[in-house]
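All residue numbers for the sequence shown refer to this note's numbering, where the first residue is 418 and numbers rise by one.
Some hints here could point you the wrong way.
Claimed, not checked - Mimicking DSS-like on lysine-lysine, the simulated pairs with C-alpha atoms at most 27 angstroms apart in a straight line are:
# : residue 1 : residue 2
1 : Lys460    : Lys518
2 : Lys431    : Lys552
3 : Lys730    : Lys824
Stated by the list, open to error - What follows is a list of derived Cβ distance ranges for each label pair:
# : residue 1 : residue 2 : range
4 : Ser464    : Arg640    : 35 to 43 angstroms
5 : Ala642    : Ala567    : 28 to 36 angstroms
6 : Phe820    : Ile657    : 33 to 41 angstroms
7 : Val508    : Ser464    : 27 to 35 angstroms
The set of hints was computed from the structure by calculation and includes no laboratory data.
Glycine included, each C-beta is placed from N, C-alpha and C at the ideal position.
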Amino acid sequence: MIKKPSFSSVIQTKGFQVLWANQILVQLAYNILNFSLIIWVFKLTDSNLAVSLLILSIYLPALIFGLFAGVFVDLVDKRKIITLIDLLFVVAFLIFPFIRKSYPLILVNTFFINSLAQFFMPAESSSIPQLVSQKQLFLANSLFTVTLYAAFMVGFTAAGPILDSFSISPIFYLGAILLLMAALISQNLPVLKVVRKDNFSGADIWSLIASETKQTITFIRGRLAIVVSIGLLAALQGVIGVLAVLTPSYMERVLGVHATDASLYVMLPLGLGLISGALFIGHFFHRLPRRRLVIPGIILAGFLLAGVGIAPKIAVLLDATTLPQKIIHLRYFLNAPSLASTFVIGAFLLGVAAIAIIIPSQTVLQENTKDENRGKIFAVLFVLMNAFAILPVLLAGILADLFGETKVFFAMGVVIFMTGLLAMKPAMFFAESHLPYKVRQFLGLGHWENGK
Numbered sequence: 418m419i420k421k422p423s424f425s426s427v428i429q430t431k432g433f434q435v436l437w438a439n440q441i442l443v444q445l446a447y448n449i450l451n452f453s454l455i456i457w458v459f460k461l462t463d464s465n466l467a468v469s470l471l472i473l474s475i476y477l478p479a480l481i482f483g484l485f486a487g488v489f490v491d492l493v494d495k496r497k498i499i500t501l502i503d504l505l506f507v508v509a510f511l512i513f514p515f516i517r518k519s520y521p522l523i524l525v526n527t528f529f530i531n532s533l534a535q536f537f538m539p540a541e542s543s544s545i546p547q548l549v550s551q552k553q554l555f556l557a558n559s560l561f562t563v564t565l566y567a568a569f570m571v572g573f574t575a576a577g578p579i580l581d582s583f584s585i586s587p588i589f590y591l592g593a594i595l596l597l598m599a600a601l602i603s604q605n606l607p608v609l610k611v612v613r614k615d616n617f618s619g620a621d622i623w624s625l626i627a628s629e630t631k632q633t634i635t636f637i638r639g640r641l642a643i644v645v646s647i648g649l650l651a652a653l654q655g656v657i658g659v660l661a662v663l664t665p666s667y668m669e670r671v672l673g674v675h676a677t678d679a680s681l682y683v684m685l686p687l688g689l690g691l692i693s694g695a696l697f698i699g700h701f702f703h704r705l706p707r708r709r710l711v712i713p714g715i716i717l718a719g720f721l722l723a724g725v726g727i728a729p730k731i732a733v734l735l736d737a738t739t740l741p742q743k744i745i746h747l748r749y750f751l752n753a754p755s756l757a758s759t760f761v762i763g764a765f766l767l768g769v770a771a772i773a774i775i776i777p778s779q780t781v782l783q784e785n786t787k788d789e790n791r792g793k794i795f796a797v798l799f800v801l802m803n804a805f806a807i808l809p810v811l812l813a814g815i816l817a818d819l820f821g822e823t824k825v826f827f828a829m830g831v832v833i834f835m836t837g838l839l840a841m842k843p844a845m846f847f848a849e850s851h852l853p854y855k856v857r858q859f860l861g862l863g864h865w866e867n868g869k
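Starting from the given sequences, assemble the full structure and let the hints guide the process.
Printed below as a string of structure tokens:
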């Protein structure tokens, strides 16, 4: 009798066990650092634009190095890349305590760390097929994906309390310890063979990248389902970036609570919403047409974000006693239980809305691409997601400093809500003759036929 692959059998595979342990340690350190830096930079500069530039220093390396890194990691032993980058991460983390009060140097070091990450992530993910059997591959990838989300949730949840209790420097030292452990563990990885054995020069690599990118864009062009899925995931990345920029200032300037409380009262329920939403959708709604999940997700996300923008106005009308105008010093969410519970529920629902967009969009990409195209399309997707996120992230910081966080949240929410409404009822916005046939076919020809 052939034994079915299981999570336990995957974890017991020694090479994968080492790689997985390395991923857990690196992702924990990376996520704790990112959230801590967002809060720290806001407190250091009291500027939304400064936080925008920090987020850009996280996004830009993917745009600059993403495609190059994907080709480069196939040319060398991935074990050496993983170990070397782990050690360089340690050095970068240990530099932070000495530059923690210099905003420009924080940006430079953050850019350096995220540039390293562009080589680290494809090196890890492309190593999995060499460490597990073909039958175990799906479970191994699932485990890596779950770990990625779990590390994000744990890292962002832990960062606030640590930062609030011990300031920023212990976070750098904790991260360095985790990364040093990761580097030591990576020594136990087997030799990970080089996929491409040709002798490539630098010019050959760039030529290969240009050729494969051109082929991928040619493949994507004209396939509306793929274009829309990439657009949705890229837009979602932009919204996440905007949230990262605005959350610290919104909490302290608008709500009058400590920004570090976002860890427990925003990021934790957001992560739980993502995970529970993924389980719920996968179990009950996997047979539904993709748009039946995506469109309600967009509408719900828009409604929640617009609600964040208009909530202070509602509080004024209700003469709420916990209004920031009546609070002299910043308080903790615990001292404003009604406010805390509202944001916990809202963040959880936002996580559910986001996953209702992510899962169908990724599934559409996988269903409409072949094995030989899929890796390249996802590489292009990752670059495009970061490219499209740059402008909204930058604008969010500038506009929030000029007009206030609530107006930006409300405007973003209204745009997202109207986009969802347009997708749900396109005939309300466009006459049949105003849209090409392919677009109407994608949205559903019945929208116009019912009106005849």
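*Taken at face value, is the distance from the CA of Lys824 to the CA of Lys730 at most 27 angstroms?*
holds, 11 angstroms
*asked:* Just to be careful, I want the Cα atoms of Lys431 and Lys552 compared with a cutoff of 27 angstroms; is the pair within it?
replied: holds, 16 angstroms
*C-beta pair Val508, Ser464: status relative to the range 27 to 35 angstroms that was hinted*: For Val508 and Ser464 the Cβ distance comes to about 29 angstroms; the hint holds.
*Can you let me know if the beta-carbon spacing of Ala642 and Ala567 is within 28 to 36 angstroms?*
The hinted range 28 to 36 angstroms holds for Ala642 and Ala567, with Cβ atoms some 30 angstroms apart.
*Satisfaction of hint between Lys518 and Lys460, Cα-Cα up to 27 angstroms*: Holds - the C-alpha atoms of Lys518 and Lys460 are around 11 angstroms apart, at most 27 angstroms.
*Could one say that the CB atoms of Ser464 and Arg640 fall in the range 35 to 43 angstroms?*
holds, 42 angstroms
*With 33 to 41 angstroms as the target window, see if Phe820 and Ile657 comply at their CB atoms.*
Violated: the Cβ-Cβ distance is about 21 angstroms, outside 33 to 41 angstroms.
Checked against the numbered hints above, the structure breaks only hint 6 and satisfies the rest.
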